[in-house]
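Take the sequences, apply the hints, and build the full model.
What follows is each chain in one-letter form.
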Amino acid sequence: MTTLDLPRPSFSHRTSRWISRNLIRIYAGLAFIYLFIPVAYTFVFSFNNSGKSNLVWQGFTLDNWRNPCGAPQVCTAVVNSLQIGLISTVLATILGTMIAFAIGRHKFKGRSTTNLLIFLPMATPEVVLGASLLAMFLNLRINPGFWTIVIAHVMFCISFVVVTVKARIASLDPKLEQAAMDLYANERETFRYVTLPLVMPGIAGAALLAFSLSFDDFIITNFNSGIESTFPKFVYVSAARGIPAQANVIGSAMFFIALIIVIVGQAASRRRSRK
Amino acid sequence: MAFLHTAASSTTGPRSGLKSRSWTPYLLLAPGLIWLVTFFIFPILSLASTSTMVRPDGAQIGTYVQEFRLANYIDAFQANQEQYIRSFVYAGIATILALAIAYPLAYMIAFKSGKYRNILLVLVVAPFFTSFLLRTVAWTQILGDEGPIVQTLKLLPFVGDSMRLTSTPFAVVSGLTYNFLPFMTLPLYASLERIDPRTLEAAGDLYANGLTTFRKVTVPLSMPGVVAGTLLTFIPAAGDYVNAAILGSPSTKMIGNVIESRFFAVVDYPTAAALSFTLMATILILVTLYIRRSGTDELV
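In order, the protein sequence lines correspond to chains W and G.
In this text, residue positions in the first sequence follow the numbering used here: the first is 1, and each later residue adds one.
In this text, residue positions in the second sequence follow the numbering used here: the first is 1, and each later residue adds one.
No lab work stands behind these hints: they were computed from the structure.
Relax, there's no trap hidden among the hints.
Here are some, though not all, of the chain W residues that point toward chain G, as calculated from beta-carbon distances under 10 angstroms: (1) L55; (2) A92; (3) T97; (4) K233; (5) V235; (6) S252; (7) I257.
Note that the structure is a prediction, hence the values are computed from the model and not measured.
All C-beta atoms, glycine included, are put in the ideal place defined by N, C-alpha and C.
See the structure below:
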């Protein structure tokens with residue numbers, strides 16, 4: 001440091017300089033607080049000794065966490081959501097990954113039509129997607145239920161899977177596949193032992209995204225569920241008279257499970273890239 | 001759907017040598033695209049068909065026949081003009097607020113976070129691991145009459161006892177802003193992160209001060225993120241009805257609330273369909289104009 005001979009700035013000058021230099025960090029910190037306030041509320045009220053309506057704090061209890069199925073219908077709704085989420089994720093991930101490989105690795109006619117067909121569901125408001133599917137089911141005299149929810153979820157998840165996996169395929173170094181071919185691997189072996197493992201993190205990320213979109217979807221589900229219940233639908237229906245604390249337990253548990261999955265995934269990919 | 005016909009005809013071609021590659025992409029595309037055509041394109045056509053139906057005199061509730069009555073659109077729009085305009089106003093304000101919150105946040109993560117970058121990115125998405133509906137319900141408690149914000153504001157001398165935050169436009173717009181914030185932050189981050197820091201240094205070498213560099217270099221280079229983020233926020237916000245239903249009142253109803261109640265409470269499918277179709281058309285037109293204007297055609 002050659003600035004030692006400069007006069008020391010005054011304290012207030014230094015504070016204001018610290019603030020202006022860190023203004024953006026302070027701002028971001030406030031933004032993070034804003035993001036997490038409702039999460040904290042949900043978590044805190046999962047310990048509320050609330051009885052039926054969970055609107056006002058009435059004292060600490062662990063009962064809700066010991067017995068998350070205590071409120072009627074909560075667990076039926078969660079089990080439904082998990083089943084719908086798993087089936088939709090598997091289907092959407094397979095269909096979407098196939099499309100992503102076709103777009104990322106092949107030449108074909110109708111590419112721009114395909115891209116438009118992938119883009120449009122993402123640019124359509126959910127209420128329109130839900131209403132149009134229901135209009136079709138009604139016109140075909142199909143009663144909405146479990147499988148119409150799955151159909152709807154696969155439909156809107158495919159596009160997100162395609163976009164995620166396509167990005168991963170585009171970021172691959174083509175030299176790795178050329179190297180495999182140079183070492184006399186045929187096309188199938190190259191795909192099986194080089195391309196697919198390299199794209200796998202993208203596919204896993206897409207599957208996680210599809211599952212969380214499906215599990216959390218309310219609007220499209222509400223239109224196409226008939227009398228079938230899902231977790232978001234359960235919360236919406238009971239919101240008017242106050243949701244039971246058990247719903248907060250499930251929401252908080254989902255938060256921590258997802259956080260752990262993401263952190264473990266990040267750590268694993270960092271370890272792999274360091275090797 | 002030209003490619004589907006091509007797919008069908010090309011499978012009959014020779015199956016060996018180089019040419020075999022030409023039908024692989026169609027086989028890969030077919031299942032997914034058939035799903036999208038059956039459960040996205042057909043439903044949209046079905047919606048268009050429902051929107052011009054009419055209930056015959058004396059028929060049961062929920063029975064409609066096709067009469068190609070285009071006046072349904074005029075009736076539907078005139079009856080719900082207010083909610084229609086309100087949806088776009090609320091969505092517009094929420095998008096601007098989300099941009100104002102997310103841009104500095106994304107900028108900080110892209111340029112000033114150092115080794116904490118990945119952790120901060122996880123933190124941006126993490127709130128969205130709890131259910132969307134639970135978070136909205138949490139806002140009713142935070143903004144509620146017994147909640148901390150109203151109680152604090154009431155201590156101020158000029159705030160009356162009847163002061164409320166829930167059931168106001170403010171509550172609905174803040175709910176919309178909050179719920180779609182990561183859709184704004186992530187694309188902004190992605191485009192800011194791609195900026196080569198050397199371009200910013202170059203601007204400094206050419207005697208641009210911090211503000212000029214930001215205005216003339218950073219902002220233009222981050223435009224694709226701004227466009228993607230505003231679209232990803234505006235589109236779902238304009239069609240949303242959860243925030244208006246949970247945080248609002250009858251006087252803050254949006255077009256989504258009308259579509260829902262026309263479908264389920266009133267069983268008036270043609271009006272609901274006409275409103276959905278108008279909403280989708282308006283959004284597609286706005287999106288196209290906006291993308292043209294901001295000159296980022298390659299986005300789509």
